[in-house]
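Q: Residue strings, one per chain:
Number of protein chains: 2
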Amino acid sequence: MAVVAVSGGLDSCVAAAVAAQESELALLHAGYGQRTAVRERRAFEEIAEAFGVPPARRLLADLGYLGRIGGSSLTDLTVPVPEGGAADGSIPNTYVPFRNTHLLSVAVSWAEVIRARRVYIGAVEEDSSGYPDCREAYFEAFRAVVRAGTRPGTELEICTPLIRMSKAEIVAKGVELGAPLGLTWSCYRREDLACGTCDSCRLRLRGFRQAGVADPIPYASPGGQAG
Amino acid sequence: MAVVAVSGGLDSCVAAAVAAQESELALLHAGYGQRTAVRERRAFEEIAEAFGVPPARRLLADLGYLGRIGGSSLTDLTVPVPEGGAADGSIPNTYVPFRNTHLLSVAVSWAEVIRARRVYIGAVEEDSSGYPDCREAYFEAFRAVVRAGTRPGTELEICTPLIRMSKAEIVAKGVELGAPLGLTWSCYRREDLACGTCDSCRLRLRGFRQAGVADPIPYASPGGQAG
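Protein sequences appear in the order of chains A and B. Using our numbering, read the first sequence as starting at 1 and increasing by one per residue. Using our numbering, read the second sequence as starting at 1 and increasing by one per residue.
Errors might be hidden in some of the hints.
Claimed, not checked - Which chain A residues face chain B? A few, computed with CB under 7 Å, are given here:
1) VAL79
2) PRO92
3) PHE98
4) THR101
5) SER105
6) VAL108
7) GLU112
8) GLY130
9) PRO132
10) THR150
Calculated directly from the structure, the hints in this document are not laboratory data. Beta carbons: idealized from backbone N, C-alpha and C, even for Gly.
Input sequences plus hints: build the corresponding full structure.
A: Here it is in C-alpha cells:
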C-alpha cells in the first residue's frame, strides 16, 4: 500500500500513476483555505474515481490553520497572485510557509496506522516553483525525521518520482501511464476556467507544449492556450 | 518573539516559562480529537492569560484529521488508556503517530510568518513516555528539515529546554520560574478531576513527589495523591 498526496494538480496525478504501477493506492488530499480549494477537491475526487480508489482509502485533511497563518498569496486574498514568476530566484509569494511538511506529516501518520510502506509526493525541483520545500535536500532531511520519529518497526519510504523531471517529461510520463490528466486542476486563481496566466498555468502550458501534447483542460485566456 | 507549543500540560507550561525569560511569547495550541481536548484547551487559555499573552498572539490549530487517522488510545475511544506503563520499552498505545511533526510544522509555519526567531516545545526524552518523536535525535533531524524547507532568510531555532530533565527537575524549574502549574492539565482520561492512575498522571505525581512539592491540581483517586 502507498499513500499518495494528491492536490488535484498535474504533478500529483502523475505521481499517483507512478505509484499505482507497484502499489495499491491510498489517496490523501489537503485543503488549507487556498483560493481554489473547491475546484482542487473536485479534481481530487475525480482522480480518485479514475484510479478506482474507494472512499475508505481516501483521506481529506483540513489544514485550515495554514489559511489563518497566512503569509502567502494563495491563502491571503488581499495579496495578488503573480503572473510574471520570480525572475530573480527569490521565493514567489505563492509559497505557503512549510506546507509540504504539514502534508507529509499527515501522510506519514496515516501510513503508519494503515501500515503503508511508501508515501508518494509529486514535488518537482527543477523547472518549477522555486519553493524551498520542493527540493531534494528537503526531502532527504525529512526522511531522517521519519526514521527518527516513527515506531521502531515502521519502515516507510518517501518517494519523489518526479523530483528531477521537467514539466514536459511529467506530461509525457502521464500520457505514457494513462494518467487522467484531463481531470487535473493547476490554476492558482480561478475555479471555472484556468486563467492561463498565473505561474502555475504558465508552467503547465509550457510543459504540454514542449511535450507536444494538447492540454485537455479549458482555459479562459487565448494567451493561455498559446502558452 | 518565540512560538511555544502549549498543550496545557505541565511540561509545556514550564517550557513557556523558560521561553518567557528571553522572548515575547506567541502560544500555539493544537487539538486533535483527543479524549481531554476540552479540558486541555481551557488549560491553554488560562496559561496564556497567566503569561499575559493577548489573543492575537495565540493560535488554535485543529488537527482533527489525527483523530480520524486514529491508531492511538488518546484519539480512539474504543482503545483503553493504559495504567501500567509500557514496561518492556515498547511504544505505549497513547502514542499518536508522528504527532510532534504536525505540531512543530504549525509552529514553524507560524513563526516564519510572524518572524519569530525561536520555537519551543516541552518534549522530555528521559523519565517520560517513550514516544519516538520526543527524542533528541528526532529534534536534531527536524532542525535539518527547518533549515532545508523554509525561506533562505529564515533563521529559526527549535528549542527543547526540558529534553534532558527529569519530571522532578521540571517541577522544580516551574516553581523557580513562577510558572502557573496549578492551571495545567496532564490527565489522559478525565476532564473533571485528574484520574491519578494513567501513565501521564503517574509520571506527573512522581515528579511532584520527588521534587518535594505538592501538586496543586485535584485528583479523583486517593492513590493519585499518594502517587
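Q: Hints broken by the structure, by number, lowest first?
A: Checked against the structure, the hints that fail are numbers 1, 2, 8, while the rest are satisfied.
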